[in-house]
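Protein chains in written order, with our numbering: chain X, 40 to 155; chain S, 4 to 114.
Take the hints with a grain of salt, since some may be wrong.
[What the hints assert, rightly or not] Example chain X residues on the side facing chain S (calculated, C-beta under 7 angstroms, incomplete): (1) Tyr-49; (2) Leu-82; (3) Ala-100; (4) Glu-143; (5) Phe-146; (6) Gln-148; (7) Gly-149; (8) Thr-153; (9) Val-155.
[Claimed, not checked] No farther apart than 30 angstroms at their CA atoms in a straight line, the calculated lysine-lysine pairs in the DSSO-like style are these: (10) X:Lys-109 <-> S:Lys-71; (11) S:Lys-8 <-> X:Lys-96; (12) S:Lys-71 <-> S:Lys-40; (13) X:Lys-48 <-> S:Lys-71; (14) S:Lys-74 <-> X:Lys-110.
Simulated from the structure, these hints should not be mistaken for laboratory data. Where is the CB? At the ideal position from N, CA and C, for every residue including glycine.
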Amino acid sequence: DGGITQSPKYLFRKEGQNVTLSCEQNLNHDAMYWYRQDPGQGLRLIYYSQIVNDFQKGDIAEGYSVSREKKESFPLTVTSAQKNPTAFYLCASSIGTGGQTRTEAFFGQGTRLTVV
Amino acid sequence: DQQVKQNSPSLSVQEGRISILNCDYTNSMFDYFLWYKKYPAEGPTFLISISSIKDKNEDGRFTVFLNKSAKHLSLHIVPSQPGDSAVYFCACGGGYNKLIFGAGTRLAVHP
């Protein structure tokens with residue numbers, strides 16, 4: 040089945056540690072995104088990538104890093120510099136690059152990160 | 004500065020009646036608009052979209068209306084069903100598929 044997979048579903052991290060969230064898609068989509076959801080708030084864009092080996096900061100990139108070495112994979116690292124990392128993290132992908140195509144983004148099931 | 008606003012955090016509707024969810028945006032560069040439905044602890048699922056060249060798009064019980072001059076879109080669900088109870092997010096896109104989401108509206112459909 041084609042889809043987008045995030046792992047793990049739940050993740051606990053000690054303060055001061057870096058942690059990496061996995062996101063894999065087999066939809067052959069060019070674009071991939073990371074969003075963060077906090078209670079009572081919408082989905083805020085952390086990073087996005089339109090093509091392999093290229094990515095751009097979203098609205099709340101501070102304390103996060105990403106890589107896009109393969110089309111299928113877009114891992115997100117939450118670094119110790121992120122002051123309030125406890126949140127629900129969502130990865131998404133969509134067809135289209137360069138603004139030529141307007142299609143919906145497909146989301147993974149999310150990873151809930153808790154700092155203990 | 005919120006570019007996409009959903010001013011109603013919650014909405015309660017009786018089963019069988021119409022649900023109307025609203026969304027306002029500020030960036031005139033947005034040219035593609037989407038609605039997503041989300042259950043707790045799950046990823047959002049795509050519901051319906053509309054491009055800026057249209058003012059209405061219908062898919063079964065769901066209709067999205069776009070008023071470009073007012074920078075406003077709305078989602079109509081009719082008739083509303085209990086299974087429609089969820090959080091609904093509007094999202095706006097323009098250029099390079101970067102999507103900006105609103106804060107969401109929690110819809111409760113009761114018997």
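Verification of the hints:
{"no.": "1", "hint": "Tyr-49", "result": "violated (10 angstroms)"}
{"no.": "2", "hint": "Leu-82", "result": "holds (4 angstroms)"}
{"no.": "3", "hint": "Ala-100", "result": "violated (13 angstroms)"}
{"no.": "4", "hint": "Glu-143", "result": "holds (4 angstroms)"}
{"no.": "5", "hint": "Phe-146", "result": "holds (3 angstroms)"}
{"no.": "6", "hint": "Gln-148", "result": "holds (5 angstroms)"}
{"no.": "7", "hint": "Gly-149", "result": "holds (5 angstroms)"}
{"no.": "8", "hint": "Thr-153", "result": "violated (13 angstroms)"}
{"no.": "9", "hint": "Val-155", "result": "violated (19 angstroms)"}
{"no.": "10", "hint": "X:Lys-109 <-> S:Lys-71", "result": "violated (38 angstroms)"}
{"no.": "11", "hint": "S:Lys-8 <-> X:Lys-96", "result": "holds (21 angstroms)"}
{"no.": "12", "hint": "S:Lys-71 <-> S:Lys-40", "result": "holds (23 angstroms)"}
{"no.": "13", "hint": "X:Lys-48 <-> S:Lys-71", "result": "violated (39 angstroms)"}
{"no.": "14", "hint": "S:Lys-74 <-> X:Lys-110", "result": "violated (35 angstroms)"}
In summary, the numbered hints that this structure violates are 1, 3, 8, 9, 10, 13, 14.
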